[in-house]
Amino acid sequence: MFVKNCWYVAAWSSEVSQEALFSRVLLNTPVLLWRDAQGQVRALEDRCCHRGAPLSRGRLENGNVRCLYHGLLFNPEGECIQVPAQDRIPPNARVRAFPVVEKTNWIWIWMGDPSLADPASIPDTFWLDDDAWKYREGYLHYGVNYLLVTDNLLDFSHLPYVHPTTVGGDESFANLRPTIDNLANGMRISRWHLSSPPAPFVRKVTDWTDPVDRWNVYDFLVPGILLMHSGSAPANTGAPEGNFENAVEFRSAQAVTPETADSCHYFFSQAHNICIDDPQVTATIHQILIDAFHEDHAMIHAQQKNLQIDPDFEMVPVGLDAALNRFRWMINKRIEVEKNSASPAAHGQGAQPETVQLNP
Amino acid sequence: MFVKNCWYVAAWSSEVSQEALFSRVLLNTPVLLWRDAQGQVRALEDRCCHRGAPLSRGRLENGNVRCLYHGLLFNPEGECIQVPAQDRIPPNARVRAFPVVEKTNWIWIWMGDPSLADPASIPDTFWLDDDAWKYREGYLHYGVNYLLVTDNLLDFSHLPYVHPTTVGGDESFANLRPTIDNLANGMRISRWHLSSPPAPFVRKVTDWTDPVDRWNVYDFLVPGILLMHSGSAPANTGAPEGNFENAVEFRSAQAVTPETADSCHYFFSQAHNICIDDPQVTATIHQILIDAFHEDHAMIHAQQKNLQIDPDFEMVPVGLDAALNRFRWMINKRIEVEKNSASPAAHGQGAQPETVQLNP
Amino acid sequence: MFVKNCWYVAAWSSEVSQEALFSRVLLNTPVLLWRDAQGQVRALEDRCCHRGAPLSRGRLENGNVRCLYHGLLFNPEGECIQVPAQDRIPPNARVRAFPVVEKTNWIWIWMGDPSLADPASIPDTFWLDDDAWKYREGYLHYGVNYLLVTDNLLDFSHLPYVHPTTVGGDESFANLRPTIDNLANGMRISRWHLSSPPAPFVRKVTDWTDPVDRWNVYDFLVPGILLMHSGSAPANTGAPEGNFENAVEFRSAQAVTPETADSCHYFFSQAHNICIDDPQVTATIHQILIDAFHEDHAMIHAQQKNLQIDPDFEMVPVGLDAALNRFRWMINKRIEVEKNSASPAAHGQGAQPETVQLNP
Numbered sequence: 335m336f337v338k339n340c341w342y343v344a345a346w347s348s349e350v351s352q353e354a355l356f357s358r359v360l361l362n363t364p365v366l367l368w369r370d371a372q373g374q375v376r377a378l379e380d381r382c383c384h385r386g387a388p389l390s391r392g393r394l395e396n397g398n399v400r401c402l403y404h405g406l407l408f409n410p411e412g413e414c415i416q417v418p419a420q421d422r423i424p425p426n427a428r429v430r431a432f433p434v435v436e437k438t439n440w441i442w443i444w445m446g447d448p449s450l451a452d453p454a455s456i457p458d459t460f461w462l463d464d465d466a467w468k469y470r471e472g473y474l475h476y477g478v479n480y481l482l483v484t485d486n487l488l489d490f491s492h493l494p495y496v497h498p499t500t501v502g503g504d505e506s507f508a509n510l511r512p513t514i515d516n517l518a519n520g521m522r523i524s525r526w527h528l529s530s531p532p533a534p535f536v537r538k539v540t541d542w543t544d545p546v547d548r549w550n551v552y553d554f555l556v557p558g559i560l561l562m563h564s565g566s567a568p569a570n571t572g573a574p575e576g577n578f579e580n581a582v583e584f585r586s587a588q589a590v591t592p593e594t595a596d597s598c599h600y601f602f603s604q605a606h607n608i609c610i611d612d613p614q615v616t617a618t619i620h621q622i623l624i625d626a627f628h629e630d631h632a633m634i635h636a637q638q639k640n641l642q643i644d645p646d647f648e649m650v651p652v653g654l655d656a657a658l659n660r661f662r663w664m665i666n667k668r669i670e671v672e673k674n675s676a677s678p679a680a681h682g683q684g685a686q687p688e689t690v691q692l693n694p
Numbered sequence: 335m336f337v338k339n340c341w342y343v344a345a346w347s348s349e350v351s352q353e354a355l356f357s358r359v360l361l362n363t364p365v366l367l368w369r370d371a372q373g374q375v376r377a378l379e380d381r382c383c384h385r386g387a388p389l390s391r392g393r394l395e396n397g398n399v400r401c402l403y404h405g406l407l408f409n410p411e412g413e414c415i416q417v418p419a420q421d422r423i424p425p426n427a428r429v430r431a432f433p434v435v436e437k438t439n440w441i442w443i444w445m446g447d448p449s450l451a452d453p454a455s456i457p458d459t460f461w462l463d464d465d466a467w468k469y470r471e472g473y474l475h476y477g478v479n480y481l482l483v484t485d486n487l488l489d490f491s492h493l494p495y496v497h498p499t500t501v502g503g504d505e506s507f508a509n510l511r512p513t514i515d516n517l518a519n520g521m522r523i524s525r526w527h528l529s530s531p532p533a534p535f536v537r538k539v540t541d542w543t544d545p546v547d548r549w550n551v552y553d554f555l556v557p558g559i560l561l562m563h564s565g566s567a568p569a570n571t572g573a574p575e576g577n578f579e580n581a582v583e584f585r586s587a588q589a590v591t592p593e594t595a596d597s598c599h600y601f602f603s604q605a606h607n608i609c610i611d612d613p614q615v616t617a618t619i620h621q622i623l624i625d626a627f628h629e630d631h632a633m634i635h636a637q638q639k640n641l642q643i644d645p646d647f648e649m650v651p652v653g654l655d656a657a658l659n660r661f662r663w664m665i666n667k668r669i670e671v672e673k674n675s676a677s678p679a680a681h682g683q684g685a686q687p688e689t690v691q692l693n694p
Numbered sequence: 335m336f337v338k339n340c341w342y343v344a345a346w347s348s349e350v351s352q353e354a355l356f357s358r359v360l361l362n363t364p365v366l367l368w369r370d371a372q373g374q375v376r377a378l379e380d381r382c383c384h385r386g387a388p389l390s391r392g393r394l395e396n397g398n399v400r401c402l403y404h405g406l407l408f409n410p411e412g413e414c415i416q417v418p419a420q421d422r423i424p425p426n427a428r429v430r431a432f433p434v435v436e437k438t439n440w441i442w443i444w445m446g447d448p449s450l451a452d453p454a455s456i457p458d459t460f461w462l463d464d465d466a467w468k469y470r471e472g473y474l475h476y477g478v479n480y481l482l483v484t485d486n487l488l489d490f491s492h493l494p495y496v497h498p499t500t501v502g503g504d505e506s507f508a509n510l511r512p513t514i515d516n517l518a519n520g521m522r523i524s525r526w527h528l529s530s531p532p533a534p535f536v537r538k539v540t541d542w543t544d545p546v547d548r549w550n551v552y553d554f555l556v557p558g559i560l561l562m563h564s565g566s567a568p569a570n571t572g573a574p575e576g577n578f579e580n581a582v583e584f585r586s587a588q589a590v591t592p593e594t595a596d597s598c599h600y601f602f603s604q605a606h607n608i609c610i611d612d613p614q615v616t617a618t619i620h621q622i623l624i625d626a627f628h629e630d631h632a633m634i635h636a637q638q639k640n641l642q643i644d645p646d647f648e649m650v651p652v653g654l655d656a657a658l659n660r661f662r663w664m665i666n667k668r669i670e671v672e673k674n675s676a677s678p679a680a681h682g683q684g685a686q687p688e689t690v691q692l693n694p
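Chains as they are written, first to last, in the working numbering: chain L, 335 to 694; chain W, 335 to 694; chain Z, 335 to 694.
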């Protein structure tokens, strides 16, 4: 079961074009994505209502999509507008159309009640489309339930253990309890690690060897969106007070979107605002991320294998689980509300805008 | 569930020899096929009654089959006639023997009540063993329920969409409703497409560019047998009235046989009676078929994937489904009759001969 | 379901070291094996109690094991002794620790009630660590329930059929009913085949062509341990009476340990006491075993496939099944006793020492 009435990241903008029909399974539903003549992204259920064939194996015709199994034609609203060899279109001949919004390089999709889809509730990821920031687009496929990935992202104490040579660093980092502030649609997790050795991650793009003030501050939002401001500054230069003049800063946007009950999509990026004219720096930062996320990938799949062998295994909670327990509780509550809600109005709360304001 | 009391195609004649033990799963049952000293095809359950080992890993001994796990010996009737280290043969030590009939290059098998197996009910496929016709033997394995393949074969409106460059052609073909005539054991589906452009299929073996009269007339019989007379003739030369003098004619024999609930065997051929001394023509026609059937294979597996992701998906019927809906209804009725029938006599109807007489 | 209160072979001694964390799934439980500073083998559940990550992806720290997902530290008794960012250790923060005993090159593990684990009940396999005997360590993984493998080992009548060119020989061997003597924890199976042709197996290490007296005498013990004395001697030189002076003798130690319900580990060896200074002889004997066990592997997987296709298939018993039927009965009874037993004392019987005394 998934939360339905919320925005999910469906794709990077670059994945969807006017020329091709792009297919991706989201929340156990095959979804067809393409751009219309105006360049606007459209999304339909990628399963012809007639015999279930994927429309993505079909053909664009003047803005409509023809199924290339038996020739039914659908308009971008999902209505069947032509059936070979008959004039009458069955009234139930339609596929689902999904609200989509393209915003700063991400394509967001609403898989629930379309009447509740409010674009204003899409989180702000301005740095994904801002000349002052550079990054590369990342994607990984996971063969595990998406909550194992959000678990991972909600507890950075794993950094020194899983990523000692990439994005991790000194193990004392793990002993630092983050500050967790509740947000209407998630939580803000803040970690300040003062006067500590620079992380391998940072050492690759600076020549720093002296202690630094290091921070990770991120909002983690339903259904699985991580928006982070992080960085390092030479110790005692005022970063905790908001002075980032001497800092190496990063802005990360990450999103976990369920594919099926046992698999998910992971979109990620790590933007930097120094050396933005040097593509090698961008490439290096991206490569460190790739390396680190493959470390997570290996660990989480190993964890999944252990969980599958004994479905009755019960996790022993520790203090560092505070954020992820809260997140799982939020997800479950949203699912329950959607299940019990008879009137669409009841979903309204979940669709409220969530303003993301990370300092600075 | 499958219809049991009917003839299924088990193999091409060339697949079964006197030298080797051939194994194939049919209707969820492992079947062993071989030829006895007289060249007659024999069929036993390919699963030793002792511990379940495949007899096909065994050895022929004077017309009997020895299991090469623990040495039990079976005669061609499936009776165990020797057990190492004991004189007494347990009375239930036997494997099932299946009636088989070899006829014009196909080996037919009866998986139901042997007392009902009447060879006269096997459809006539004379052109598979007739010097006036040439063809190559085709086989494809499908990882889908066999009804998705029979669906495909029962609605040729998919031809222009799935096979535009192989056996398809002009899309107006899909708007032509076929004539469907009921037969005792299936239906006859006729399509006449007058004064239309020659299909790519036909253009490859002729130099025709002028309009042709094109037809597909096929009997589709329980449990999944397609017997077709098709062709093209220059328009207005009398083909619809039965004059095929100037025509390019084809006779196709195709059979879908369930392997398991989620897989099936597909035997096919397309015989021609022009240029029969030119092996290149035969090869070309066969290659077009192979190419086309791989197009179906890709589409049907994509369809299957979509159906599996949501078992509750409900197909929206359209007019062109008439034949395939009727066929599924016939199959279900036969299965129900077999299930409810207490006396073997009740199965008799299903075994009645089905004379296939395609013009001319 | 598996018998829990008994010793299973977990690994060859050489598989577990002080430097690496070795992981193997046993009885559906992930198990971590390593050697402590004293070289003693330790075994913990390979699944961190926190989030289920494998400890084998972790790190040894002064005899303790740190999980390298979130940093929990466990002592060799399985108690969590450190949790990052908190002082209090949750009382249920622990993983299972398993009794292990290393004895003559095999590492034995007790997966049941530790209070019942009596090392004296471990079978004697002295030749695995005796300069008078040479062998190589063998291992095969099976993708089948372990009882299909123990079935195979409990009925050697399959030898001439499955292994005609390796460890088998004349088919009359299969007609010889073995003597079966009951043991408290299994059975002794004896086969004497007098004045028969030397087996291919024996011909490879001798120049014998005259008839030999051949024997296989093995104890087969719960949960799946085969301990065999076998060999061949020139006929009429007194082997049946205990004179092995002119004999080629072998001592085989084999163990089947369940991995999951559908897979198992198979440890094996065939020691010889002639030509022990010629590594080529040892290699040849081992290679024959490898070849033979791949023949079993192929047959048993083919059998498994047949059994899976129809879970309702019922095996027809024959006389040669006596030993394997008795063994399955013993296993089932032990499982039932463990299930019904409320007091640990009731398990005592199963842990009683089983003295293995094979002649001479």
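There may be inaccurate statements among the hints.
[As the list claims (entries may be wrong)] Using C-beta positions, here's what the derived DEER-type ranges look like: (1) W:628 - L:395: 56 to 66 Å; (2) W:628 - L:471: 32 to 42 Å; (3) Z:448 - W:662: 24 to 34 Å; (4) W:438 - Z:470: 56 to 66 Å.
Quick caveat, the hints were computed from the structure, so don't treat them as lab data. Note that the coordinates shown come from a computational prediction; the quantities given were computed from them, not determined experimentally. Glycine included, C-beta positions come from ideal geometry on N, C-alpha and C.
Residue 395 of chain L and residue 628 of chain W - C-beta distance against the hinted 56 to 66 Å: Once the Cβ atoms are compared, 25 Å apart, the range 56 to 66 Å for residue 395 of chain L and residue 628 of chain W is violated.
Using the beta carbons of residue 448 of chain Z and residue 662 of chain W, state whether their distance is inside 24 to 34 Å or not. violated, 59 Å
Holds or violated: the 32 to 42 Å window for the beta-carbon distance between residue 628 of chain W and residue 471 of chain L? holds, 34 Å
Determine whether the Cβ-Cβ distance between residue 438 of chain W and residue 470 of chain Z falls within the hinted range of 56 to 66 Å. Given about 57 Å between the Cβ atoms, the range holds.
Checked against the numbered hints given earlier, this structure breaks hints 1, 3; the rest are met.
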